[in-house]
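In order, the protein sequences belong to chains A and B. Take the first sequence: its position 28, counting from 1, is numbered 29 in my numbering, and each next residue is one higher. Take the second sequence: its position 162, counting from 1, is numbered 173 in my numbering, and each next residue is one higher.
Hints listed in this document are in silico derivations from the structure and should not be mistaken for laboratory results. Since the model is a prediction, treat every value here as computed from it, not as a measurement. Some clues are possibly wrong.
[Stated by the list, open to error] DSSO-like mimics (lysine-lysine), calculated; alpha carbons at most 30 Å apart, straight line: (1) B/Lys41 with A/Lys72; (2) A/Lys72 with B/Lys212; (3) B/Lys203 with B/Lys131; (4) B/Lys41 with B/Lys156; (5) B/Lys131 with B/Lys212; (6) B/Lys50 with B/Lys212; (7) A/Lys72 with B/Lys156; (8) B/Lys131 with B/Lys50; (9) B/Lys203 with B/Lys50.
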Amino acid sequence: MSAKEGQQHPIAIYLWIWGLLFVLSAFSYAVDYFHLQGALRWTLILLFMFLKAGFIVAIFMHMHWERLALKLAILVPPLCLLILIGLMAVEGDYTFLTRSGFFSN
Amino acid sequence: MAVETATSVVHPAGVTPGLPGVATDFASDKQAFVVPWGKAMMWIFLLSDTFIFSCFLTSYMHVRISSTVPWPNPSEVFALTVFGQHIPLILIAIMTFILISSSGTMAMAVNMGYRRNRGKTASLMLITAAFGATFVGMQAFEWTKLIVDEGVRPWSNPMGAEQFGASFFMITGFHGLHVSAGVIYLVIVAMKVWRGDYDRKGNYEIVEIAGLYWHFVDLVWVFIFAFFYLW
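Produce the entire structure from the sequences given, and follow the hints as far as they go.
As structure tokens, this is what we get:
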């Protein structure tokens, strides 16, 4: 990075990622189009989602070539969100059960 | 070394006391990230934006889990009839491809910027902005269809759970606002590129920083697409 200014990479890598994002989006759309349901649907949707997000952050946003200090500072804090999501999922289930009980009475 | 720092931390030479000292301490030229400061700041802003969007998506998850009324099927709500063909979710799919393409052209613009190709950088950025404007236009179409034709309101809708409208307008509205702001941002930077401001300054970092923002908007859409439209 010191020899060259900023983030300079071959243009081919952007074109490849661009194409890959198209393919992955088409796959996600296909999941809905062919009405896949249940665990298979969720596995595929989340897999394609994380792959797309990963490629955008790593290649388009150049995170792959940044120093570890910046990577950690930006990518670790969002992990706290997993706790929030977990808590809210549990809370949502509880609210659902309470409401079901209340409305059935 | 330990002794040296211990003495210098207590009474560093030339410190400013009190409140002005807070400002001088925080501005004391200590650099943590070996990137241009604008880029570090953009990343930190995007981190905060990540939390905002995550809170929206998490609250959406919560209202959807806890609703006892069936949630409207997004696959059907966002279906369009094109040339007599009923295609589920087609508008959203097209919007997704447009936003990905805009990210692609933006990545090329950043690359051209670092190659000092002023014309190509500016035109690729304007193409990116045009894709973004198209995206917002299609979103406006989608909103109009939902509000006018199907009677979806933030507090009610004819298809099912009432929270659907609130979540939809909040999440896609906030994202659309980001896209609109990004279009303006890109056009301004593209104009400055075209004028040759960054040739005179000798660096094209601003283009990469604007690119970070734009890719983030695409990134958020990946999550909205998966959680709101495909769930």
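Each hint tested on the structure:
1. Our distance criterion of 30 Å between C-alpha atoms is met by B/Lys41 and A/Lys72, whose separation comes to about 19 Å.
2. A C-alpha spacing of about 28 Å is found between A/Lys72 and B/Lys212, which places the hinted pair at or below 30 Å, so the restraint holds.
3. Using a Cα cut-off of 30 Å, the hinted pair B/Lys203 and B/Lys131 holds, with the two alpha carbons roughly 13 Å apart.
4. Proximity of B/Lys41 to B/Lys156 is assessed by CA-CA distance (about 53 Å); at most 30 Å being required, the pair is judged violated.
5. Distance hint between B/Lys131 and B/Lys212 is fulfilled; the C-alpha atoms sit about 18 Å from each other, no more than 30 Å.
6. For a cut-off of 30 Å, the pair hint linking B/Lys50 to B/Lys212 stands: about 16 Å separates their Cα positions.
7. At roughly 42 Å between alpha-carbon atoms, A/Lys72 and B/Lys156 are farther apart than 30 Å, so this suggested pair is violated.
8. For a cut-off of 30 Å, the pair hint linking B/Lys131 to B/Lys50 stands: about 22 Å separates their Cα positions.
9. Simply put, B/Lys203 and B/Lys50 have alpha-carbon atoms about 18 Å apart, close enough for the 30 Å limit, and the pair holds.
Checked against the numbered hints given earlier, the structure breaks hints 4, 7 and satisfies all the rest.
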